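Undergrad: Here the protein sequences line up with chains D and U, keeping their order.
Residue 1 is where the first sequence starts when you use our numbering, and the numbers rise one by one after that.
Residue 273 is where the second sequence starts when you use our numbering, and the numbers rise one by one after that.
Mixed in with the good hints, there may be bad ones.
With a straight-line cut-off of 35 Å between C-alpha atoms, the simulated DSBU-like cross-links for lysine-lysine are [as the list claims (entries may be wrong)]: (1) Lys521(U) - Lys542(U); (2) Lys475(U) - Lys131(D); (3) Lys4(D) - Lys368(U); (4) Lys333(U) - Lys47(D); (5) Lys545(U) - Lys348(U); (6) Lys611(U) - Lys333(U); (7) Lys47(D) - Lys377(U); (8) Lys475(U) - Lys106(D); (9) Lys545(U) - Lys131(D); (10) Lys333(U) - Lys106(D); (11) Lys545(U) - Lys47(D).
These aren't lab readings, by the way, just hints derived from the structure by calculation.
Remember, predicted model here, so these are calculated numbers, not experimental data.
Residues per chain, in single letters:
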Amino acid sequence: MLNKSRSFYLIPYLAWIVLFVIAPILLVAYYSLFNVEGSFTFDNYVKFFTPVYMRMTLSSFWYAFLITAISLLVAYPTAYLLTRTKHKQLWLLLIILPSWINLLLKAYAFIGLFGTYGLTNSVLEAIGIGKQQILFTDFSFIFVSVYIFIPFMILPIFNALEEMNPSLVYAARDLGASAWMTFRRVIFPLTISGVKAGCMAVFIPALSLFMITRLIAGNRVITLGTAIEQHFLVTQDWGMGSTIAVFLILAMAAMMLVTGNRKRGAADARKK
Amino acid sequence: MKQLVRMFAVVMIVSLGLMYFISYLNSSAGYSGDNTLTIYNWGDYVDPELLTRFEEETGIKVIYQTFDSNEAMMTKIEQGGTTFDVSIPSEYAISKMKEEDLLIKLDHSKIPNLKNIDPRFMNLSFDPDNAYSIPYFWGTVGIVYNPELVGDLTFASWNELWDQSLRNQILLLDGAREVMGMGLNSLGYSLNDTEEAHLQEAKAKLQLLTPNVKAIVGDEIKLLLANEEAAVGLVWSGDASEIMGENEKLDYVVPEEGSNLWFDNMVIPKTAKNIEGAHQFINFMLDPEVAAQNTEYVGYSSPNQAAMALLPEEISGDERFYPDEELTSRLEVYDNLGKRMLAHYNELFLEFKMHRK
């Protein structure tokens, strides 16, 4: 009886997963096997391994890596300081607040800020550095992406730090570990799960960014996401777009496997 | 739970009641299917006064809806649901809609004002004999530039874009046909060229332009050029007139090698219920006086010869937006190259975008 009602309650979740997770992935895989004219072919996969798409894949991964690494470098100390402040919830709210604003609006704001006659350049000029091209450069692309993703990095790290038992830190210090050693041997390993969650939450969306590549990077940065958008909206080459999407899904699955394994490793290490 | 169901039921009943009430109001005011006309057009692309005048003259109630891309418009018409009676797609969309059988043939005997249209703009490749579409506005693809910032360049030729002094000064439209077309035109080829060697040559030439290209952007190009973010931009003439309205320093030119000629044409989609009214509307918009007023409001180039005579000289005599016959003879409409070729154009465009400085 209990079992029956339990599986009954499972239905909505199963339906959700089948309809919105499994079916779309299958559809993407299915579409990737057709060319522009709708005939069955593996050409799309062959095309993916041509230099054009390979270079695009490499540069997507490179930018996604940079964005994730910089986000982590900024987010970890921020999260750490947050756990030490008095009004944690207020500060946290202030950090999350910008993510309530539409991405497009924020991108447009940055066009204004970074433009030739924008605020940033006026400041640079006032302090004697002179006008620089900021908009449509790699720098602006990475800066804005980091800005957008940083709340997703801070939150899981913050939670992991909060959950950590502070007496472990005191114990480490008590036993003569230096501040750096405490961080390396105690704090960081104990919060690695938060770091991983944050990296996943940043790396995967960063891999498929597209709107910002046009608005902030002026199409000087082409990611796999941009190519997918183009193939679906402009070329109507759904096959090629789906093929790229298949590889993105594979990359994400690989990411999850890798980080999942490491988690077990960390647990083992702790046991020892 | 019970309360939730009850609330839901109440909402449903109220909305049904309202729907019935509206249809009752409409029919009592004489607005039924034959008496309304749904126009599906780009935003801010008709003088609203003219719609009121059309309603007064014919007694037909106009419902005006807008779209912001040809693709969105086509999807909605394909799905049916709303009875759009008149729509105004661009030429490439028209040839697609024709292929997909989404348009109704026009009855030219019901559109006597068709005689006002300049024969230059009739019977073009995307719609032979204008069987399905009537020109509404037209324009070109060209260069907006700031004369103060480009020295003595005048962009009489596309090749001036490659000038060294323009380093990091050019904004391009994010369109494969437009940018590839520019590359082909600058080499003296047709912008509908499909020969592989020519396309590769154009791509190689475009890659040489990379150091001069600041960015490849979408609609933001209007804002960026008006703010003098860059000295030069590749744009559609319609956008150019808007940009120049914002910033009077700028000028527009169509290089002499030739360029693209684009059209937005009135069509009657398959979803139409009031076909008679749709013809009446198209005929009304072609009336010289109406077309002239509309041109002054919208600011794009009118294909209506008779209306041109009524427009002030500063509009009709503006060679930038009404190029003479000699130049127009060198302008080309985008042919429907087929999906495969279009995909190839996009592929080359993508390679150009990925080319680093």
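Undergrad: All the hints need checking, so say for each whether the structure fits it.
TA: Hint by hint, here is what the structure shows:
| no. | hint | in the structure |
| --- | --- | --- |
| 1 | Lys521(U) - Lys542(U) | 45 Å, violated |
| 2 | Lys475(U) - Lys131(D) | 32 Å, holds |
| 3 | Lys4(D) - Lys368(U) | 54 Å, violated |
| 4 | Lys333(U) - Lys47(D) | 53 Å, violated |
| 5 | Lys545(U) - Lys348(U) | 16 Å, holds |
| 6 | Lys611(U) - Lys333(U) | 39 Å, violated |
| 7 | Lys47(D) - Lys377(U) | 41 Å, violated |
| 8 | Lys475(U) - Lys106(D) | 34 Å, holds |
| 9 | Lys545(U) - Lys131(D) | 59 Å, violated |
| 10 | Lys333(U) - Lys106(D) | 41 Å, violated |
| 11 | Lys545(U) - Lys47(D) | 46 Å, violated |
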